[in-house]
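S.K.: The lines below spell out each chain.
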Amino acid sequence: MAEERNIQYVEASVEALQEEMRRDSSIFYIGQGIGQRGGNFKQSKGLWEEFGDRRVRDMPISELGQVGMGVGAAMAGARPVVDIVFLDMIMEAMGQIVEQAATIHYTSNGKFKVPLVVRAAMGSARCTGPHHSRCFYSWFAHIPGLKVVLPSSATDVKGLMKTAIRDDGPVIFIEHKFFYNKKGPVPTGEYAIPFGKANVCRKGKDVTILAMSLMVWHAMEAAERLEKEGISVEVIDPRTIVPFDELALLESVHKTGRLLIVDEAQQFCGFSGEAAAIVSSKAFDSLDAPIRRMGALHTPHPFNPVLEAAMLPSVDGIVAEVRRLVAS
Amino acid sequence: MAEERNIQYVEASVEALQEEMRRDSSIFYIGQGIGQRGGNFKQSKGLWEEFGDRRVRDMPISELGQVGMGVGAAMAGARPVVDIVFLDMIMEAMGQIVEQAATIHYTSNGKFKVPLVVRAAMGSARCTGPHHSRCFYSWFAHIPGLKVVLPSSATDVKGLMKTAIRDDGPVIFIEHKFFYNKKGPVPTGEYAIPFGKANVCRKGKDVTILAMSLMVWHAMEAAERLEKEGISVEVIDPRTIVPFDELALLESVHKTGRLLIVDEAQQFCGFSGEAAAIVSSKAFDSLDAPIRRMGALHTPHPFNPVLEAAMLPSVDGIVAEVRRLVAS
Amino acid sequence: MNMSRELVLSLYRSMQRMRQFELRIQQTYRSGVMPGFIHLYVGEEAVAAGVCAHLSREDYVTSTHRGHGHALAKGVPINEAFAEIWGKPTGVNGGRGGSMHIYDPSCGFLGTNGIVAAGIPIATGAAMAASLRDDGHVAVSFFGDGAVNNCAFHEGINLAAALLLPVVFVCENNLYATETPFHRVTRNTDVASRAAAYGIPGISIDGNDVLEVHRVAGEAIARARAGEGPTLIECKTYRPLGHFEGDPGTGYRPKEEIAEWKLRDPIVRLAGAGIKAGVASEAELKDIEQQVEREIEEAYEFARVSPEADAATVSDFVYA
Amino acid sequence: MNMSRELVLSLYRSMQRMRQFELRIQQTYRSGVMPGFIHLYVGEEAVAAGVCAHLSREDYVTSTHRGHGHALAKGVPINEAFAEIWGKPTGVNGGRGGSMHIYDPSCGFLGTNGIVAAGIPIATGAAMAASLRDDGHVAVSFFGDGAVNNCAFHEGINLAAALLLPVVFVCENNLYATETPFHRVTRNTDVASRAAAYGIPGISIDGNDVLEVHRVAGEAIARARAGEGPTLIECKTYRPLGHFEGDPGTGYRPKEEIAEWKLRDPIVRLAGAGIKAGVASEAELKDIEQQVEREIEEAYEFARVSPEADAATVSDFVYA
Ligand SMILES: Cc1ncc(C[n+]2csc(CCOP(=O)(O)OP(=O)(O)O)c2C)c(N)n1
Ligand SMILES: Cc1ncc(C[n+]2csc(CCOP(=O)(O)OP(=O)(O)O)c2C)c(N)n1
Ligand SMILES: [Mg+2]
Ligand SMILES: [Mg+2]
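Residue numbers (my numbering), protein chains in the order written: chain F, 1 to 328; chain W, 329 to 656; chain D, 657 to 976; chain Z, 977 to 1296.
Certain hints may be false.
With a Cα cut of at most 27 Å, we get these calculated DSS-like pairs of lysine-lysine [stated by the list, open to error]:
1. 162(F) - 113(F)
2. 610(W) - 255(F)
3. 1231(Z) - 370(W)
4. 205(F) - 610(W)
5. 45(F) - 911(D)
6. 282(F) - 533(W)
7. 1238(Z) - 1262(Z)
8. 610(W) - 282(F)
9. 282(F) - 583(W)
10. 911(D) - 42(F)
11. 1231(Z) - 373(W)
12. 932(D) - 892(D)
13. 282(F) - 203(F)
14. 610(W) - 583(W)
Quick caveat, the hints were computed from the structure, so don't treat them as lab data. Keep in mind that this is a model prediction, so the values were computed, not measured.
Sequences and hints are given; from them, build the entire structure.
M.R.: Shown next as C-alpha cells:
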C-alpha cells in the first residue's frame, strides 16, 4: 500500500463499487435516489453515468421489495448491492434479510448462496432525530448467516466494500453519516480488507478501548488527550462485528488488564454486552478491573441538540470513563 | 392467592384477556385466525363469541398493518392487543413497533401514550423449522420504549398479561409455543403480576441459573437432577427482561458466586451477554468463576429433529454446564 | 360549488398562515440557527387547508415529513409549532421531535413522520378506535406519491376498506419523491385508480384548487362519518421549492415545469377567484395577510427568546 | 385450445405425480413418523402443472408453504423431495428444510416458503437477474389469496411492473387463508383486478381446468420472455383438505361448498376431457397412474430407508 491519496470516505466507497462493477458484470446497484442523483450522500456518484439504468436503478420507496429483489437476484446468479440509504428505513425489510437472505444458505444445505450486500448509513449527523439516527447493528449480529461491517475510515470503507461484494453470503454494510465527507488516506492500488481482522488503531499499555465506526474517532481523540495525562490507551476497531476478531481484543486486554467498550448504540442487549461477556469469560484472570461500557443513553434520539449531545457518547465522556477505569 | 385451579397456560392467558376486556371496553383484540377459530393455539378461544367482531377481529395477513393500526388506535384512546401468532411473522411490523410505538411517547414529550400489547408465540415446538421457531426477544429489549415479557408459567402468563394490558406503553408479550397446552396452578381470584420482579423459582446455594420462558423448565429439571449429585442450584426467572430485575440476580450471585445463563435464543449479541456483562461489572468481586452462558447454536433452526436437538439448549447440556461451573 | 365569503376568507387565512409560517421558518433555518433538516410544504397548502376545514379537534390526522402545513391546519398552536421546529423546550413536544416529529393530542394530531407511509395504517387504527366508540369522528391520512408504492399504503388502506372504517386517504401527488419522478418507479401513475384495488372510491383532483379540495374532501369525510368507509383522494400538486431546505429543486425537474406550476399557486388562485366572484375584496385579503404576518412574527419571537433545553430531561418519557 | 395428445398425457402425469406424492406423504405423516407440520396441495394441482409446463430448468419459481406441487412440477427430484419432507439427510436439502423450505438450484426452484408472500419480491429479483443477462429466462411466483393483502405483494409486483421484468405472478385463490374467508379481509375479492393498480394485465381463470391454466400461463410467459413485462393470473381453485394436516378443514367451510368443489377435481376433469376429445384412452391414463404409483412407492422407500441425520453437521453452511 505504498502510494496514497487523501480522498473522502464517500469517494472511497464509490471507488470500490466502481472497480468491482467494472470487474464483474453480475453486480448491480439499487436504491432510492442513487441513480442520476448520485445518492443522498453522494454515495453512488458517477455509477449511473457509467453503468446506466440497467445496473444502477432508482427504486420506489419499497425497502422490503428492494431487499427481496436483492435476495432473488442473488439466488439467480447476480451480485446485488441494495442501498437503504438511512439504516432506520430497513425495518420493513427485516423479514427478507433475516428469514430469507440469512437463512437460505443454511436451510438449502449449502445449495444456494445469497451474495447480497445491503448498504446503509447509520448514526446521528447532528440532530437527524429519532427516525434518522439509529445504530441497531447488533440486531444483525444476533442473526446467524449475516456478516456485519462497520467501516470507520476511508481506507477501510473501500477495502471492506470490495470484500463485501466478493463475499458469497449476505453482508450488512453500515457506514456512518458523519464520515461521508471526511477525508482520509486511501491507497492508490487495488486492495481488499479481509473480514474479521481488527485494526489496532493505536497502541497503548494501560487501557484498551474497543470502539466501532464513529466511536473509533472519539476514542482516538480521547486517547490523545489521555496521553497528556500519562494514560496510555490502546484503541481497537474490530471493523466487522461478524465475524468478530476475538483474539485481537483478548490479546490487548491480556496486556492492559482494563477494557472500556464504547458503542454508539444503546447499551442494553447490544454488542457491548456481548464483547464484555466474551472478555470476562475468556480473560477473567487478566482483568484488573471490571469492564466498563459506554453507550448511548437508553432513549430514542432526541432532536434537540442539547438533549442529543447528552444522549450520545462523547469524547469528554470517554476521557472520564477511562480515568475512572484506571483509578479502579 | 389461596385457591387455585390446574388449567392450561393458554387458558390462563385467555382468562386474563377475558377479564380485562370485560373491565375495559376500550380493549380490542386483532390478529389472524383469532376470531371464530379461536386462534391457532386456542389463544383467543371464546373471545369472539363473547365480544363479537367489533372487539375481536380476524385480520388479513398484514402484520405491518395490524401493528400500525394498533399504534393509531392506542394513540386515539383504545387499548389494542395485536396478536402476531408466530413471533417470526413480526418482521414486517418492526418499523411500526420501533419507529412508532416505542418512540412516540418520548418524542411527543410525554403527550401521547401508546398502550399497545403485541402478543406472539416464540420457540420451537419440535421441528417447526427456521420460519416458525425464532426467539429474538433481545431485539425488542435493545429498543428504548418497549417492555418485554416472557411468561414461563400459567400463573405468570395470566398475571403478566393483565399488567401488560394495563400498562400505558407498548409491551411485547412473548409466550412459548411449547407451553400453551401445559397445565399449571392458577389462582382463582383477581391478581396481576408486576413487571420487573424476578421469580426465584428454586432456592439454592452453589450455582445461580438465570433462565427465561421454556429454559426455566429445563433449568428446573436440571436443578433436580443436580441436587441428587449434591449440587444446590438456584433458578431465577426474570419474567420480564425489560424492565429487568437486576437486584434479584445480583443478590443470588452474591450468595452463590457462580452464574449460568441459559437462553433459547442464539447467544451472540443477545440477552445473555447483557446479563453477563451486568453481573460481571456489578458483582465482579463476588464471582468465584467466570460466568457461563448457554444459548442455541449460532445457526438458523434446522427442521430435522436430530439437528434441531443439537442446536437447542437441553437439560443434559445444562447439567453438564453446571458441573463444569462448579468444578471451575 | 360552495364559495361563501366565510369559506373563502377562512381558507385564505389558513393558507396564508401555512405559507408565511414556512417562509419564516425557511428564513430562520437559512440564518443557521435551526438544527436538523426541514421539508417545506410551500405551494401545496390548498390540500391541508381544504381537507382540514372539515375536521374538528376530535378528529385525527396523520402526516408526513412535509407536515408543517398539516399541523397548523389541524390546530397545532403556531407558537409551539415554530418553537418545536427550532428544537426549543417551549415547542409543542419540548423540542424533542422537531419538524418531522410534531405531535399534539389536544387537536388529534398524530404526528408528522420521518418514515414515509407509516402514518397510513396509524390513521386506520385511529379510525378503528373512533368506530369502536361510535363517536362519529374520522381520521385523515396525508401522504405523498412516494408512499403509494410502499407496503404500508397497501396494508393500511386494505384494512380500512375491509373494516369499513371512517378514514380518508389523501395523496399529495407532487410528481416526485425526492428527485425521483413518480413515473420512473411505477407503471401506474394514476393514484386514484389504485382505490379500486381495495374496493373503495378513488378520485383525482386539482390539489392547487382549494375550493375543489374542500368540496371533494367534504364529501369523502361525510361518507366516512356516515359509516360508508374510506375514500382515496389524489390531489395533484407540486413542490416549487426543493425536497428539503438546501436542495435547489432544479436539475432533476424541467425549469418550464417549475415555472408553470408556480403560476398555479393556490393562494393567488383563491384570491383571484374570491375577488372575481365578488365575495372578497383585495383590501380584506391584504388585511388577513397582515394579521397573519403579525401572528407569525410573534411565533418567531416566542421561539427565539425561548431558553435552551435542559439536558437533565433527556431520559424523561422513555417508558409511559 | 391446444389439446394435443402429448399435452394431455404430460399434464395428466404431472398432476398424478403431485397427487399421489402428497397422498403418500399424508399417509406417512399420519403414521406419526414425519416431523413438523405440512400443508397439502391436493386439489390445486392444475395450477402448478399448467404453469410449469412452460418452464425450463433455467427458469425460476418461488413457492409457498403449500409448495410440494410447485416443487415437483418445476423438477425437484421426487425421491429427494420425499426425503426432505421427511427430514432425512438424503433430502434435497439434507432434511434441514422440510416441507416449507425446499430449495433446488439445479431446476431454478427458489424455495417453498414459511413466510406468506415472501416469494413475490424474490421472484421479481430473479427476473431482474435474468433480464440483466438478457438470457430470456423468466420467473414465476405462486402465492395464495392470503398473500394478496400482504405488503410483499404490493412492493414485489409494483417493482416488477416498473422495471418491466420477465415475471408472472400466479395467485392460487382457494377462497381461504387458514380459516379466514378472503371476503372477510378485503373489500375487493377480485384478485385479477388488482393488476390494474400496477399497470399490468390481470386475468382470472378456472384454476381447476389445467388446459385453461396452460393456455393462459403460456401467453403470459411468452409476453414475459418477449420483454413485455409481468402478468397477474388469478387461478380460482379450492383446498378440499384442511389447511394443514390435522385440520379437518370443515367447520369454517360449508359442507356443500367442499362437496361441490370436489366435483371439480382437476385430474378427473382432464381425464374426462381427454377421453371425450379422443386424444387419450382410459387404458393409457390408467397406465400412467400405475407408473406414477411405482415412482411414488420408490420415493417412499428411498426416504424410509435413509439414515438419520448426523448431529455433527448442524453448524455447516451458516456462512457461505
Ligand atoms: C420508509 C422510508 N424510506 C425512505 C425515506 C427517505 N425519504 C424521505 S422523504 C422521501 C421522499 C418522499 O416522497 P413523497 O412521499 O412523494 O413526499 P414528498 O417529499 O414529495 O412530499 C424519501 C425517499 C423515508 N423517510 N422513509
Ligand atoms: C407473513 C406471514 N403471516 C402469517 C403466516 C401464518 N400462515 C401460514 S399459512 C397462512 C394462510 C395462507 O393463506 P393463503 O395465502 O391463501 O394460502 P393457502 O394456505 O390458502 O394455500 C398463514 C396466515 C405466515 N406463514 N406468514
Ligand atoms: Mg412527492
Ligand atoms: Mg388461500
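S.K.: Each of the hints needs a verdict: does it hold here or not?
M.R.: Quick rundown of the hints versus the structure:
1. Pair hint residue 162(F) plus residue 113(F) holds up; C-alpha atoms about 18 Å apart against a cutoff of 27 Å.
2. Between residue 610(W) and residue 255(F) the CA atoms are separated by roughly 23 Å; this keeps the pair inside 27 Å, and the hint holds.
3. At roughly 23 Å between alpha-carbon atoms, residue 1231(Z) and residue 370(W) fall within 27 Å of each other, so this suggested pair holds.
4. Under the criterion of a C-alpha separation no larger than 27 Å, the hint pairing residue 205(F) with residue 610(W) is consistent with the structure, at around 25 Å.
5. Of the pairs offered as hints, the one joining residue 45(F) and residue 911(D) holds, with about 23 Å between alpha carbons and a cut-off of 27 Å not exceeded.
6. Note on residue 282(F) and residue 533(W): the hinted pairing holds, with a Cα-Cα distance of about 25 Å set against a maximum of 27 Å.
7. Distance hint between residue 1238(Z) and residue 1262(Z) is fulfilled; the C-alpha atoms sit about 20 Å from each other, no more than 27 Å.
8. A distance of roughly 18 Å separates the Cα atoms of residue 610(W) and residue 282(F); the hinted pair therefore holds under the 27 Å criterion.
9. For the given pair, residue 282(F) sits about 23 Å from residue 583(W) by alpha-carbon distance, which is consistent with the 27 Å threshold.
10. The suggested pairing of residue 911(D) with residue 42(F) holds, with an alpha-carbon distance near 23 Å, which does not exceed 27 Å.
11. Distance hint between residue 1231(Z) and residue 373(W) is fulfilled; the C-alpha atoms sit about 23 Å from each other, no more than 27 Å.
12. With a C-alpha separation of about 24 Å, the suggested pair residue 932(D) and residue 892(D) falls inside the 27 Å cut-off, and the hint holds.
13. With a C-alpha separation of about 21 Å, the suggested pair residue 282(F) and residue 203(F) falls inside the 27 Å cut-off, and the hint holds.
14. Note on residue 610(W) and residue 583(W): the hinted pairing holds, with a Cα-Cα distance of about 14 Å set against a maximum of 27 Å.
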